[in-house]
Amino acid sequence: MFTGDLKAARQSLRASRWRTNFTMLGIIIGITSVVTVVSLGEGLKHQIVGQINQLGNDVLTVRPGKLLSKDGKAGNLNIYAFLAPSTLTMRDLESIQHSEVISKATPIEFITNSASGDNGEFDNLFVAGTTPDFADTLHQKIAYGAFFSEDEDNSGTAIIGSDVAGRMFGVLNPVGETIHIMGRDFTVHGVLAPTQGGLLSLAQADYNSSVFISTDDANKLTAGHTNILQILARIKPGVNINHADLTLNSIIARNHGGTHDFTVLKPDQLLGVTSQVLDTITRFVSAIAAISLIVGGIGIMNIMLVSVSERTREIGIRKAVGATNRQILRQFLTEGLVLTISGGIVGVIVSLILNLLLRLYSGWKPVVSIWVILLAVGVSVAAGLIFSLIPALKAARKDPITALRGE
Amino acid sequence: MALIELDEVSKVYGFGDATTLALDEVALSVGKGEFVAVMGPSGSGKSTLMNVIGLLDKPTHGNYKLGGQPAAQLKPNEQAKLRRDKIGFVFQFYNLLPNLSVLENVSLPLAYKGMTPVRRAKRASDILELVGMRDREYFFPTQLSGGQAQRAAIARALVNKPSILIADEPTGNLDSHDSKVVMEVLAEIHRQGNTILMVTHNPELTRFANRVIYMYDGMIVGDERTAIGQMARGARRTYFNRRRRTDEEIAAGVSALLKDVPGKEVTAKAKRRKSTGRKRGLRAKATRSRR
Numbered sequence: 031m032f033t034g035d036l037k038a039a040r041q042s043l044r045a046s047r048w049r050t051n052f053t054m055l056g057i058i059i060g061i062t063s064v065v066t067v068v069s070l071g072e073g074l075k076h077q078i079v080g081q082i083n084q085l086g087n088d089v090l091t092v093r094p095g096k097l098l099s100k101d102g103k104a105g106n107l108n109i110y111a112f113l114a115p116s117t118l119t120m121r122d123l124e125s126i127q128h129s130e131v132i133s134k135a136t137p138i139e140f141i142t143n144s145a146s147g148d149n150g151e152f153d154n155l156f157v158a159g160t161t162p163d164f165a166d167t168l169h170q171k172i173a174y175g176a177f178f179s180e181d182e183d184n185s186g187t188a189i190i191g192s193d194v195a196g197r198m199f200g201v202l203n204p205v206g207e208t209i210h211i212m213g214r215d216f217t218v219h220g221v222l223a224p225t226q227g228g229l230l231s232l233a234q235a236d237y238n239s240s241v242f243i244s245t246d247d248a249n250k251l252t253a254g255h256t257n258i259l260q261i262l263a264r265i266k267p268g269v270n271i272n273h274a275d276l277t278l279n280s281i282i283a284r285n286h287g288g289t290h291d292f293t294v295l296k297p298d299q300l301l302g303v304t305s306q307v308l309d310t311i312t313r314f315v316s317a318i319a320a321i322s323l324i325v326g327g328i329g330i331m332n333i334m335l336v337s338v339s340e341r342t343r344e345i346g347i348r349k350a351v352g353a354t355n356r357q358i359l360r361q362f363l364t365e366g367l368v369l370t371i372s373g374g375i376v377g378v379i380v381s382l383i384l385n386l387l388l389r390l391y392s393g394w395k396p397v398v399s400i401w402v403i404l405l406a407v408g409v410s411v412a413a414g415l416i417f418s419l420i421p422a423l424k425a426a427r428k429d430p431i432t433a434l435r436g437e
Numbered sequence: 002m003a004l005i006e007l008d009e010v011s012k013v014y015g016f017g018d019a020t021t022l023a024l025d026e027v028a029l030s031v032g033k034g035e036f037v038a039v040m041g042p043s044g045s046g047k048s049t050l051m052n053v054i055g056l057l058d059k060p061t062h063g064n065y066k067l068g069g070q071p072a073a074q075l076k077p078n079e080q081a082k083l084r085r086d087k088i089g090f091v092f093q094f095y096n097l098l099p100n101l102s103v104l105e106n107v108s109l110p111l112a113y114k115g116m117t118p119v120r121r122a123k124r125a126s127d128i129l130e131l132v133g134m135r136d137r138e139y140f141f142p143t144q145l146s147g148g149q150a151q152r153a154a155i156a157r158a159l160v161n162k163p164s165i166l167i168a169d170e171p172t173g174n175l176d177s178h179d180s181k182v183v184m185e186v187l188a189e190i191h192r193q194g195n196t197i198l199m200v201t202h203n204p205e206l207t208r209f210a211n212r213v214i215y216m217y218d219g220m221i222v223g224d225e226r227t228a229i230g231q232m233a234r235g236a237r238r239t240y241f242n243r244r245r246r247t248d249e250e251i252a253a254g255v256s257a258l259l260k261d262v263p264g265k266e267v268t269a270k271a272k273r274r275k276s277t278g279r280k281r282g283l284r285a286k287a288t289r290s291r292r
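Heads up: the protein sequence lines correspond to chains L and Y, in order.
Note that our numbering has the first sequence beginning at 31, numbered continuously upward.
Note that our numbering has the second sequence beginning at 2, numbered continuously upward.
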């Protein structure tokens, strides 16, 4: 009987093709937006996870401000900590470097977001000052040229990320070219190997679109007012990460007169902080996208109501030949379900295409997980049941004789 | 034991000043194998009687037993099952579903019974053979002539082997040739032992029946048994005296008479005058516009 319902649903939906397609469009848009938003969020999370994994399991990140509440859980993120000027100093860096639990440590001093090269000015860069230890601390590979060196004078040179090389100079290897930062010229000394970059990462910068200069040059550019965004510290092999965490905490607190106006983040905490921010944003945007799904569902309900009153006579005939209320109910529910499920499937396909296009033509790297697809299909089934229930009940409860008269 | 037993069945429509008494304490008993023709002017309650017997409508008062079982006060779903298994309907305007092929239309009651598609297609096919519509199985209702559509509708009514076939003016929308074909099908079904209730305005059709009931203002005013092949005497009277009106009838209301037998006769004549070649197209158009 169920296959019969399906067939009947297909037939009657095909009979009013335009109406069916436009009704489905509402669901398609809803499902597409939900799936796309969720997979964009998922993609960002993947990128950040990748970045943090690349950072390594034995790198501690020291950030200015008290990011986490007392219990140390990532769940209680203190957003104001991001807004304050840096509380970290070069003295903190030295103390960390001299600690017996740390092998290498390097600062990241944010300077500006714009620089210019052959292809004009770019203002979505991460221009930062750092020390020669950066490459060793992060095990960062160099594609062309070389990183800063302890033995040479690094002033006037810059190391750029792979994206910057492509965008600013249009070549893979722009070593020797000139880059302008805040009115000064720097010679490109090296190009970083591509990393798993992130678009939106509160904890980590995207090194692919970074320009690094030496800390001395950074000091000159900012007249000594450099802002240490973070200090990355690699733990000595064999040292327990929690022990290292506590040690760093006490060292820096001593420098700061006992004040804990900084945060030492272990890799998993880093992940927690970023994914929590990301989850919040994804949830918020998904909620907005879900509204379009609800609107689509209400569209279905309206069309089904129209269809039920248009097909009053059909309902009457079906009842006259012996259809029970339940059978009529099932017929219209099936119709609603066919409508929403096919809308859901088309929506998933459209969002897959959209994701592919995003991957090809933008920096976004959405990830469609099987769960998102299952969620979309589940939501369309639910929408089909919920929004065609009222019309279907209306159809089922029609009095046979009045329905036959077409009233 | 009679197949259909109505005991003081009344049906009231509306309320207050607008109350209409469609059936007025009707008592009727129909046995198995009878072919009952129901006659009477429009608004005399013929269709209401058919709908009550066919369980499409509930009587306001009185008892109705179908096959010895009380049927009028059953729950909607039980009535639906009785309609499916015991009653076959043939309507004036065929009432075939336009989206379904003839075969699908005919097998619809079987589908609601839960029969497998293969079995119901075979059964529907057999019944279509019986009404001479086997070669039109995969046509859609709009592609059929009136007579063919009505024969398909009869096949649908018969497909569940019902105890009663209820036909509400089955030839009301057909020309004389199609009427004849349809009536012959009904006569054949009757010969096979089926019970038929047929509403008609055409006295000629009483020749097919072996009992004629006359209705007026919701009451049964005449009940006559006739031999098959003979026109009922009461029907003959309305047939020959149709242009004369008694004082009573005039007092009963002009509106009822306007829709009476003579009017029907005029349209039938008008149809006959049209050329047979154009007729089909015109009818198809009329059918479409009704939908």
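In short, the hints are calculated from the structure, not lab data.
Treat each hint with caution, since some may be false.
Claimed, not checked - DSSO-like cross-link-like pairs, simulated, lysine-lysine; straight-line CA separation at most 27 Å:
#1 Lys162(Y) <-> Lys424(L)
#2 Lys424(L) <-> Lys82(Y)
#3 Lys134(L) <-> Lys250(L)
#4 Lys33(Y) <-> Lys76(Y)
#5 Lys33(Y) <-> Lys424(L)
#6 Lys87(Y) <-> Lys33(Y)
#7 Lys37(L) <-> Lys33(Y)
#8 Lys428(L) <-> Lys82(Y)
#9 Lys181(Y) <-> Lys114(Y)
#10 Lys37(L) <-> Lys123(Y)
#11 Lys37(L) <-> Lys96(L)
#12 Lys266(L) <-> Lys171(L)
#13 Lys123(Y) <-> Lys76(Y)
#14 Lys428(L) <-> Lys76(Y)
#15 Lys87(Y) <-> Lys76(Y)
#16 Lys59(Y) <-> Lys82(Y)
#17 Lys37(L) <-> Lys66(Y)
#18 Lys82(Y) <-> Lys33(Y)
#19 Lys296(L) <-> Lys395(L)
#20 Lys395(L) <-> Lys171(L)
#21 Lys37(L) <-> Lys428(L)
#22 Lys428(L) <-> Lys66(Y)
#23 Lys33(Y) <-> Lys66(Y)
#24 Lys59(Y) <-> Lys87(Y)
#25 Lys266(L) <-> Lys96(L)
#26 Lys123(Y) <-> Lys82(Y)
#27 Lys123(Y) <-> Lys59(Y)
#28 Lys296(L) <-> Lys75(L)
#29 Lys428(L) <-> Lys33(Y)
#30 Lys123(Y) <-> Lys66(Y)
#31 Lys37(L) <-> Lys171(L)
#32 Lys114(Y) <-> Lys428(L)
#33 Lys395(L) <-> Lys428(L)
#34 Lys162(Y) <-> Lys37(L)
#35 Lys424(L) <-> Lys37(L)
#36 Lys424(L) <-> Lys76(Y)
#37 Lys59(Y) <-> Lys428(L)
We went through each hint and held it up to the structure:
no.: 1; hint: Lys162(Y) <-> Lys424(L); result: 31 Å, violated
no.: 2; hint: Lys424(L) <-> Lys82(Y); result: 20 Å, holds
no.: 3; hint: Lys134(L) <-> Lys250(L); result: 25 Å, holds
no.: 4; hint: Lys33(Y) <-> Lys76(Y); result: 25 Å, holds
no.: 5; hint: Lys33(Y) <-> Lys424(L); result: 37 Å, violated
no.: 6; hint: Lys87(Y) <-> Lys33(Y); result: 12 Å, holds
no.: 7; hint: Lys37(L) <-> Lys33(Y); result: 38 Å, violated
no.: 8; hint: Lys428(L) <-> Lys82(Y); result: 16 Å, holds
no.: 9; hint: Lys181(Y) <-> Lys114(Y); result: 32 Å, violated
no.: 10; hint: Lys37(L) <-> Lys123(Y); result: 18 Å, holds
no.: 11; hint: Lys37(L) <-> Lys96(L); result: 63 Å, violated
no.: 12; hint: Lys266(L) <-> Lys171(L); result: 20 Å, holds
no.: 13; hint: Lys123(Y) <-> Lys76(Y); result: 32 Å, violated
no.: 14; hint: Lys428(L) <-> Lys76(Y); result: 14 Å, holds
no.: 15; hint: Lys87(Y) <-> Lys76(Y); result: 16 Å, holds
no.: 16; hint: Lys59(Y) <-> Lys82(Y); result: 15 Å, holds
no.: 17; hint: Lys37(L) <-> Lys66(Y); result: 37 Å, violated
no.: 18; hint: Lys82(Y) <-> Lys33(Y); result: 20 Å, holds
no.: 19; hint: Lys296(L) <-> Lys395(L); result: 26 Å, holds
no.: 20; hint: Lys395(L) <-> Lys171(L); result: 23 Å, holds
no.: 21; hint: Lys37(L) <-> Lys428(L); result: 23 Å, holds
no.: 22; hint: Lys428(L) <-> Lys66(Y); result: 24 Å, holds
no.: 23; hint: Lys33(Y) <-> Lys66(Y); result: 13 Å, holds
no.: 24; hint: Lys59(Y) <-> Lys87(Y); result: 17 Å, holds
no.: 25; hint: Lys266(L) <-> Lys96(L); result: 25 Å, holds
no.: 26; hint: Lys123(Y) <-> Lys82(Y); result: 22 Å, holds
no.: 27; hint: Lys123(Y) <-> Lys59(Y); result: 34 Å, violated
no.: 28; hint: Lys296(L) <-> Lys75(L); result: 17 Å, holds
no.: 29; hint: Lys428(L) <-> Lys33(Y); result: 32 Å, violated
no.: 30; hint: Lys123(Y) <-> Lys66(Y); result: 33 Å, violated
no.: 31; hint: Lys37(L) <-> Lys171(L); result: 61 Å, violated
no.: 32; hint: Lys114(Y) <-> Lys428(L); result: 20 Å, holds
no.: 33; hint: Lys395(L) <-> Lys428(L); result: 52 Å, violated
no.: 34; hint: Lys162(Y) <-> Lys37(L); result: 25 Å, holds
no.: 35; hint: Lys424(L) <-> Lys37(L); result: 21 Å, holds
no.: 36; hint: Lys424(L) <-> Lys76(Y); result: 18 Å, holds
no.: 37; hint: Lys59(Y) <-> Lys428(L); result: 14 Å, holds
Against the hints set out earlier in the document, violations occur for numbers 1, 5, 7, 9, 11, 13, 17, 27, 29, 30, 31, 33.
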